[in-house]
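So the sequence lines, in the order shown, correspond to chains A and B. One point on numbering: in the UniProt record's numbering, the residue at position 499 of the first sequence is 499, and numbering is uninterrupted. One point on numbering: in the UniProt record's numbering, the residue at position 56 of the second sequence is 56, and numbering is uninterrupted.
Simulated pairs of lysine-lysine, BS3-like, Cα-Cα distance not exceeding 25 Å:
#	chain 1	residue 1	chain 2	residue 2
1	B	Lys-39	A	Lys-436
2	B	Lys-39	A	Lys-479
3	B	Lys-215	B	Lys-65
4	B	Lys-79	B	Lys-65
5	B	Lys-126	A	Lys-120
6	B	Lys-79	B	Lys-208
7	B	Lys-137	A	Lys-109
These aren't lab readings, by the way, just hints derived from the structure by calculation. Given the structure is predicted, the values throughout are model-derived calculations rather than measurements.
Chain residues, written in single-letter form:
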Amino acid sequence: MQFQHDVVIVGSGLAGLRAALELAESTDVAVISKVFPTRSHSGAAQGGICAALGNEEPDSWEWHAYDTVKGGDYLTDQDAAEVLAQDAIRAVYELEHMGVPFNRTSEGKIAQRAFGGHTKNFGAGPIKRACYAADRTGRVILDTLFGEAVARAIKVYSEFQLLDLVMDHGRVAGVVAYEVATGEIHTFHARAVLLATGGFGKVFKTTSNCFANTGDGVYYAYRAGIPVQDMEFVQFHPTGIYPLGVLITEAARGEGGFLLNGVGDRFMETYAPSLQDLAPRDVVSRAIMNEIRAGRGINGKDFVHLQLSHLGQALIQEKLSDIESFARVYLGIDVAAAPIPVTPTCHYMMGGLPTNIDGQVLRETGEPVPGLYAAGECACVSVHGANRLGTNSLLDLVVFGRRSGIRMREDLKKLDWPPFPLDSAHGTISRIASIKHRAQGERASHIRSSLQQLMTENCSVFRNHDDMTKALDAVMGLKGMQERIVIDNRGSVFNTDLLEALELESLLGLAETILVSAIARTESRGAHYREDYPERDDANWLKHTLVVNTADGPRVSYKPVTITRFQPKARTY
Amino acid sequence: MRLQFKIYRFDPQRDNSPHYRTYHIEAEPEERVLDCLNKIRWEQDGTLAYRMSCGHGVCGSDAMKINGRCALACQKLVKDVVSQEILVEPLPSFPVLKDLIVDLSLFYAKVDLVRPYLIATSPPEKERLQSPEAQHKISEAIRCILCACCMGACPVCQSNEHFLGPAPLVQAFRRIFDTRDEERDQRLQEIDTPDGVWGCVNHFECTKACPKDIKVTKHINILKKAIKEPRS
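Please build the complete structure, drawing on both the sequences and the hints.
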């Protein structure tokens, strides 16, 4: 079928829903999502959303902006960080007004707690800035925005998977999507498209990300010639449950938990004397991996301990009950009595589609692509620079989701209907047919697990030229095997076998851009740590990476960082 | 360890009626049932269908019946369910679309019926004030992830498709006892019907099934009490 809507939003997490709410009154807007909206990965965010409300202690948005810039190791675009920190206060009050059930202070205000890298007075010590609803903050915000979408009768195409972005003469004309329940391929003709498809942690083996996080929006835009930015910056969250990778929120340390190595030392005292266990995630993940490499993991193994038992049952039940349940269910551990084994897990992509502060996707020249917008983890504004601070992602989603919505509403006044190329779905149809008709070859699951293993082994917390170059060669080999993918399921009803085979192309394409960007950047900055280039090199590398897909493969170029008020300094905590 | 799975299969394009198929896999005691299903699908039979996403009990996609009990496949470990044969079936009470995937559209429509959003006018400039004690009243209800395990487990839902059901009532509770909501009485009136709150006859199966440990039946009984004893 061909559907037509003024605006099509791909993705029903917080960024997509928040943008949709902005448009609902004035515009024919539709949301398409590969999962039912409340299953979106925003719901897995645990610890909080930050804003300088000052409910617990004096705070200012300038301090928040500074922390965001320093947290990003000065790769953050400072105009964007200012927007984020300044608008945070309005955004959190707005969520409260919509009904988000935040925990409260004794005065009845929104309660706030400490989080990694958030400080008072430009680095003087930890500050309570994260607003939260126990340790299920993302889920209750997602439920709240979904409720608002229900109230405004926003059209949602649930279980529709994006399979292509349709361009016409350099502007966006719509998307091609696959209806999971029936196998039908639909086209959506639109005047504007917002990509809000989230991250792509499934490129890695150990990840806190959901199965749906395969980066389809970013990949199909990249395939269509849109650049991707800062792909080498992949966040490894320090505290994934060993060995599953399920997330234990940083709020566990914000509430007073701490890390211990195999000899019982609180090793973060050495790595970050001032903030210790509340240093930013890249710093803590490197510290954990250093301890493990030095043989100081627990019993010499590749994990350390997160101790919460001293916090007491009452606090854990009130503020950390989901992680209490994860430890009980997956490890049989009572966190009030025993420490949790943790190790870094792939968590968040700082990189993505380059946008300005209004969600417009930018070409290599800096010109917006008419009709194309991106928000949330799939976008690179860049507010997170080389390393995102905890609680800044939920904030990014609602702040830039809304701004994209406002911008689209304005732009629609001058965006007419683009012609919709009649053959828009032909490529997708033949791509599916060739997979369905192949009689023998490789299972997608085998190629995918090889990819995930390669990326985890060679492009994680520690990186070097030789390992990444080997990995890139191997990824190119896996890309070649795509032509031989075979599936068991040739039906059309809920054919997840087929969909996973299609998602593999996204994972392989994005893995290639991560490796190419990471090999090129011969310095260490934020989450990108090069053993062969251990220092930050502002003279040569204070710039964003762009990768464009060409007939000759990925082409790397660079663009400057926007610096307004914070000059780069040594980054210590 | 070597495990035997017996899995409900139904493909509307090929089968006139459902059947069961047996699979054998190797798995560790600490692996999730979801990991086992993935092994079967990725290594043996790509035609098997089920929903999944987050893999750790937050998104609510992979609700199904495992050894006769409604649960999330990502929250049950092999060692919790190990038996001669592990039986996996779709959630009861819902039409089966394929294998372990059920049609939840009626469930979502019931959630929409309780108006799952805050109704409140004229917000202040900053936050509305709410005491921690008032917030605690809903701190259990907000754990609901709309997985529908409770709906599958509820004997009333199985015999009466008009019954609103446990999860929509928990969703109603979340708003009714939120001190910020301005339509408490109206909302209570809306569920004060034979197929609303009074459809529940305290089987407690929802409470036993809830993967988020919500005392669902207790919440429904608090709603009943609020209807019987209007505020003065």
